[in-house]
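Number of protein chains: 2
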Amino acid sequence: MAQNIINIPNTFNSETFCADTFTPENFDLFSYLAIAKAKVEQALDRSIKVKYPEKIYDSMRYSLMASGKRLRPILCLATCELFGGDDRMSMPTACAMEMVHTMSLIHDDLPAMDNDDYRRGKLTNHKVYGEDIAVLAGDALLAYAFEYIADNTENVPSDRILRVVSRLGRAVAAEGLVGGQVVDLESEGKTDTTLETLNFIHRHKTAALLEASVVSGGILAGAQSEDIKRLTIYAQNIGLAFQIIDDILDITATSEELGKTAGKDIAAQKVTYPSLLGIPASQIQADNLIDLAKSQIQCYGNSAIPLMRIADYITARKY
Amino acid sequence: MAQNIINIPNTFNSETFCADTFTPENFDLFSYLAIAKAKVEQALDRSIKVKYPEKIYDSMRYSLMASGKRLRPILCLATCELFGGDDRMSMPTACAMEMVHTMSLIHDDLPAMDNDDYRRGKLTNHKVYGEDIAVLAGDALLAYAFEYIADNTENVPSDRILRVVSRLGRAVAAEGLVGGQVVDLESEGKTDTTLETLNFIHRHKTAALLEASVVSGGILAGAQSEDIKRLTIYAQNIGLAFQIIDDILDITATSEELGKTAGKDIAAQKVTYPSLLGIPASQIQADNLIDLAKSQIQCYGNSAIPLMRIADYITARKY
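Line order of the protein sequences matches chains X and Z.
The numbering of the first sequence is my numbering, which starts it at 7 and goes up by one.
The numbering of the second sequence is my numbering, which starts it at 7 and goes up by one.
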């Protein structure tokens, strides 16, 4: 995707997009994503400097800087822009979302959890640094995420930043991705997992942090409670669709395409959307969720084009 | 210590202590600690309710509600009182400090780290709930600590609460207890660890969170930068003294007294203050640090009696 960076349409400012200038004709999703990803990765690179004891900073940076889609930070930046905010307001929170996401990947990959050797096309953190350091790198990324938001957010009233701290905490703790991971672990090896349980897992393990990313972008820019409701529904639906597509790709894509082990769900006899409904019906379900998500933000007109197209991208992606 | 709760001197209000009323004659440390501990444990008990998926909430509560000294929350409450604040301002942060401390114990006890079977007189978290849940319970406690501060702190301006979020993050992440634990792990099995390295470990692994507890109590109550400096030096010194005493007790106390495995340092041939300096010189060093700590808060007169006596208690404790 990196080569798209040089094909930036003139209507885009490389520093901050102006939501007012988007039209269905001039908006190019891949340029938008490439520019946003480059900005996010530059900010992530600056967010952690290596010092003594180097091993822990190396370990944190190893997983944080491994290439990813950076979907959570991009959603945070895009939502902040939609409500008239800029990167100085949202970038620290955007980075924090990626730090927390990275923490969850490092800990999920541990031998005591999913026991994975590859992630984002590289050896998993514990394979390189050892299990002890991997646990600690996750802990450090999680704690640092909150510190980073508190210390670096500019031009936002403190009460809004505190609301973001609260949303991020809830998205990670037992009411969020930890709760989802627990039910996921409990359902391993069970063949009678219901669609209800599966939705609980996806809503918590995947959608919660996507929701926090989107909603936080809105909060920082001063979105009102009615907007926050719309953003919440948008994010929950793209979150569930994202996971359904992930489960489909686990069957249809190669490990190389995914950058992580493919075919894991079938090998583990794991109940997924495709295993319950089949691939075509799962794809339709994901498409319906995306339509529902988009209907929530239609009222914002052309300014919502980035969030609309990101939603489409979630079901169209191949990795 | 629980029986002391019924022997409350009349000069103490069981809800909130009034720092103005302390005198060297009427202050009874054990009543003070017992009352504060009971208040903290009541608040901790209320902070986490069990719901679906029950296992993770049970696991979090198992370690959080295991009896401990509750030194970090008590220091937070006491410092807030010293600057005229009350429990509504400080209790959420006090609870958060204990949540974070508990997270660090759960993760430190994991097989991949110190591999301990007992903590606070009970089986360690992973021995009861499994390694996967223990990792996740720690993650959830850490994230929830920040959410809990943001959502529950009353009568404090948001910018002060954000400063507390930042201090807590720094105390935990790679510049705090994670960094200390990394150097501690690296020095395992080494016989040439220097006093400088040992001090780095103790300052980060132990003192950082004690410092955050003390300083946060001051920040919440509106302490000025000169006060924060004094509190920082006080906390760093009692933190280092606390760890020196811990190392002495590892040699002199029984596992039953400690509620965790005794004699671990010698078994692991770990370099400690006692192994470098001997027990008597280590005790003197701890006493000197406590004197230094107390000299920083002498200027606050009788109001500082609780923090003075807690400092004394750190070197006098037997478990």
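One should not assume that every hint holds.
Identical copies look the same in the list; a pair holds intra-copy or inter-copy alike.
[As the list claims (entries may be wrong)] Straight-line C-alpha distance at most 25 Å; calculated DSS-like pairs for lysine-lysine:
hint	residue 1	residue 2
1	K276	K61
2	K270	K196
3	K196	K133
4	K196	K61
5	K128	K196
6	K61	K324
7	K270	K57
8	K324	K300
9	K45	K128
10	K57	K196
11	K61	K128
12	K324	K57
13	K270	K235
What the hints contain is simulated information worked out from the structure, not anything from laboratory work.
Alpha-carbon proximity between K270 and K57, which holds within one copy, between copies, both or neither at 25 Å = Intra 37 Å, inter 30 Å, cutoff 25 Å: neither.
key: Alpha-carbon proximity context of K270 and K235, limit 25 Å   = neither (35 Å within a copy, 54 Å between copies)
request  = Could you place K57 and K196 in one of the four classes (within, between, both, neither) given a Cα distance threshold of 25 Å?
outcome  = Intra 45 Å, inter 22 Å, cutoff 25 Å: inter-copy only.
query = From the Cα coordinates, with 25 Å as the cut-off, is the pair K61 and K324 best called within, between, both, or neither?
reply = Classified as neither: same-chain Cα gap 34 Å, cross-chain 36 Å, threshold 25 Å.
key: Homomeric proximity label, K270 with K196: Cα distance no greater than 25 Å   = Within one copy only: 15 Å inside, 41 Å across.
task = Could you figure out if K45 and K128 sit no more than 25 Å apart (CA to CA) within one copy, between two copies, both or neither?
result = Answer is within: at 22 Å inside a copy they meet the 25 Å cutoff, but 49 Å across does not.
ask   = When no copy is named, should K276 and K61 be tagged within, between, both, or neither for a Cα gap of at most 25 Å?
value = So K276 and K61 pass the 25 Å test across copies only (21 Å; inside, 36 Å).
query = Is it within a copy, between copies, both, or neither that the alpha carbon of K196 lies no farther than 25 Å from that of K61?
reply = between (39 Å within a copy, 17 Å between copies)
inquiry  = Cα distance capped at 25 Å. Does K128 pair with K196 within a copy, between copies, both, or neither?
reply    = Result: close neither inside a copy nor across copies, 30 Å intra and 32 Å inter.
query = Checking K324 and K57: alpha-carbon separation at most 25 Å within a copy, between copies, both or neither?
reply = neither (38 Å within a copy, 37 Å between copies)
ask   = Within a copy, between copies, both or neither: where do K196 and K133 come within 25 Å Cα-Cα?
value = For K196 and K133, the Cα distance is within 25 Å only across copies (24 Å; inside one copy 28 Å).
request  = Indicate which option fits the pair K324, K300 if close means a Cα-Cα distance not exceeding 25 Å: within, between, both or neither.
outcome  = Close inside one copy (21 Å), not across copies (63 Å); limit 25 Å.
Of the numbered hints stated above, those contradicted by the structure are hints 5, 6, 7, 12, 13, listed in ascending order.
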